[in-house]
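> Take a look at the letters that make up each chain.
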Amino acid sequence: MFYRTSGQFKTTYESDQALFPIKQDMVLLVVILAVMYVIFPMFASEFTYKALLVPVLIYSLASLGLNILTGYAGQLSLGTAGFMGVGAYACYKITTIFPEVNIIIALFLSGFFSAAVGVAFGLPSLRIKGFYLAIATLASQFFLVWLFEKWAWLYNYNSSGAIEVRTMDIFGLVVTGPNASPMVQYYFVLGIVSVVTLAVINLTRGRYGRTWKAVRDMDIAAELVGINLMRAKLSAFAVSSYIVGIAGALMVFFWKGAAEPNLFDIPMSFQIVFIAIIGGLGSVMGNFLGAILILALPVVLSLLPELLGLSIGSATMEHVNVMVVGSLIIMFLIVEPHGLARFWALIREKLIIWPFPH
Amino acid sequence: METLYTVFVDPFVQMFEVPDFFLQVLWEGLVSGVLYALIALGFVLIFKSSRIFNFAQGIMVVFAALSLVSLHTFLVPFVGNEFVAAAIAMPLTLGIMYALAMSVERVVLRPLIGQPDIILFMATIGITMFLIGFGEFVFGGENKVMITEALGIPTGAIEFEPFGGFLLLEEKDVFAVVMAIVLVISLLVFLNKSAMGRAIRALGDDHTAALSVGISLSTIWVLVWFIAGVIALATGIVWGARAGVSFALEVIAYKALPVLMLGGLESVSGAIIGGITIGILEKVFEIYWGQPLFGGNTETWFAFIFALIVLLFRPQGLFGEKIIERV
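Chains as they are written, first to last, in this note's numbering: chain V, 597 to 954; chain R, 121 to 447.
Honestly, the hints are just simulated from the structure, not real lab data.
Bear in mind that the values here come from a model prediction, so they are computed numbers and not experimental data.
Certain hints may be false.
As the list claims (entries may be wrong) - Under the rule of at most 27 Å between Cα atoms (straight-line distance), these lysine-lysine pairs were calculated in the DSS-like manner: (1) R:K292 - R:K264; (2) V:K725 - R:K442; (3) V:K606 - V:K852; (4) R:K292 - V:K809; (5) V:K852 - V:K646; (6) V:K689 - V:K606.
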């Protein structure tokens with residue numbers, strides 16, 4: 597119906613492999629971007645920015661980074677939050693040592709630190725596979741959080757042991773710190789997420805993306821057809837940790853405003869793994885769908901009893917919340933193990949051939 | 121030079137100069153190692169028979185212990201006797217663990233048969249979250265005291281005086297070690313001698329072949345999850361007697377992961393040897409290297425890094441099945 601492809605003929609190989617082979621996809625994207633850039637800021641309140649929009653974007657970005665490693669290169673990682681922490685602490689140190697550096701430059705520089713740490717902890721992946729590797733990535737998780745706590749230089753010898761973001765501006769516009777307006781922060785995060793997402797889409801379509809997919813599907817076969825396994829796996833670790841590190845820095849600088857080491861503890865790692873899996877491994881769009889679901893669900897669930905006129909204690913609500921999220925995760929895995937992205941792909945296929953069943 | 125001395129000489133000098141303290145450290149390490157081994161054992165059983173990496177083992181420990189304690193407090197006013205209440209609560213808790221095994225198999229595992237490993241792993245994390253929420257909802261989130269005396273666990277302490285020093289063994293720790301040994305031996309006998317145990321091992325070797333000779337997949341899965349539940353209950357009792365029963369116990373599940381890495385995911389003996397090795401080494405490292413050099417609390421990561429280093433030399437763990445890959 598909406599997705600009628602008749603009349604859109606592909607005459608060259610390039611046009612068949614283009615970013616948007618079907619015109620309607622581009623229209624849909626423009627609509628989504630218009631909603632994100634124009635419609636939302638017109639109506640959103642401060643609460644919406646802080647509780648929904650900014651977190652969804654940041655978690656999507658982190659999940660996108662994880663998806664490169666797990667979904668595209670097939671290396672299951674449970675240490676995402678630790679790498680986010682590296683990005684955040686690196687950005688904090690850069691902005692304190694060089695206070696005059698632009699925050700955008702500091703952000704993109706801090707990604708390199710988490711990429712380096714990611715490559716170091718990715719080295720075992722050359723020998724260890726599957727669940728053994730997944731547990732090995734937990735080593736980085738626990739070690740890094742411990743390091744954030746014990747290495748006082750990282751948090752400038754604060755007595756609280758936490759890092760706090762000072763007020764910073766870009767060309768006179770305040771973007772971080774307590775005085776920054778949520779809308780400015782939202783636009784900033786949205787801009788960075790858009791740029792990184794575009795880069796990732798093109799990266800996964802190109803030479804590196806195809807190499808990673810070959811390694812994911814069977815690494816020995818990939819090696820036999822001449823792919824350098826070491827370069828493929830380590831580049832996946834590097835790119836993934838780079839993006840995850842930026843997401844961590846964004847989280848502290850543009851959302852939380854301050855961070856303690858246990859922010860980057862293991863529950864956040866699992867949350868991001870959930871987003872990537874519920875959204876769909878090996879897909880870019882899935883990360884956004886997964887983040888919307890996983891982050892919006894608790895907010896909606898906590899509002900639900902009020903709407904129904906029930907009064908439940910907040911502690912009880914918290915417990916029921918965890919319970920419901922757990923069962924919904926199981927339900928989603930049973931209904932569609934390939935995630936929400938696959939769900940959308942099925943709907944799109946149906947729309948293309950509609951009204952015919954096949 | 122100073123640092124080299126504190127790394128390579130000082131710890132060993134201390135070990136020899138105060139041997140009774142060293143023995144005490146070893147004993148503490150051994151006890152926690154035995155508990156890590158018990159949790160790892162639950163993982164191994166489920167992994168062997170179904171290739172499911174059961175992350176929920178840790179929360180099953182908490183859940184079993186909480187059920188036992190809550191049932192006991194609930195029953196005492198009715199029966200009037202601590203010991204009788206414990207005697208009734210025990211089989212009831214086992215019943216709960218069986219019901220849990222049944223429902224996990226029926227609701228979660230059966231629809232997911234044949235899915236990739238990572239999906240099943242995620243599903244067990246889903247189970248973990250559900251059990252955390254459910255447990256806090258039913259039993260409340262506050263700490264509880266394990267019913268050590270009603271269960272007849274000794275609470276005294278045994279003192280030794282080796283090398284003219286002083287060594288203190290708590291009786292409940294001795295009980296924990298003895299119980300772990302009994303549990304492991306009976307489990308090994310069950311796996312190797314009984315028909316059910318052989319069926320479990322057959323499933324572990326090859327699902328399709330086991331099915332074709334008439335072994336029921338769902339029966340065995342329920343059985344395996346129930347055995348894992350029994351192990352969880354045992355772990356919950358002895359660990360609860362040491363540290364109280366609360367949801368904080370769940371973190372010991374993370375301690376079992378490096379044990380699994382070290383011992384190999386499929387090996388029962390690997391879980392035990394790995395558990396004891398890691399328990400002892402992490403205590404010794406914490407006392408003699410961690411506290412003077414790194415400011416302490418190294419127990420959170422030492423086991424992982426140690427297992428990681430071992431894995432670089434043996435990618436399938438010390439006793440795991442050799443990974444053979446073909447294109």
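> A separate judgement is required for each hint: does it hold in the structure or not?
Results of checking the hints against the structure:
As the CA atoms of K292 of chain R and K264 of chain R are separated by approximately 18 Å, the hinted pair is consistent with the 27 Å bound. Distance restraint check for K725 of chain V and K442 of chain R: the Cα-Cα separation of roughly 12 Å lies within the 27 Å cut-off, and the hinted pair is therefore satisfied. This hinted pair does not check out: K606 of chain V and K852 of chain V have alpha carbons roughly 48 Å apart, beyond 27 Å. For the proposed pair K292 of chain R and K809 of chain V, the alpha carbon gap of about 53 Å is over 27 Å, so the pair is violated.
With a C-alpha separation of about 9 Å, the suggested pair K852 of chain V and K646 of chain V falls inside the 27 Å cut-off, and the hint holds. Annotation: proposed proximity of K689 of chain V to K606 of chain V is violated, straight-line Cα distance about 51 Å (limit 27 Å).
When each numbered hint is compared with the structure, violations occur for hints 3, 4 and 6.
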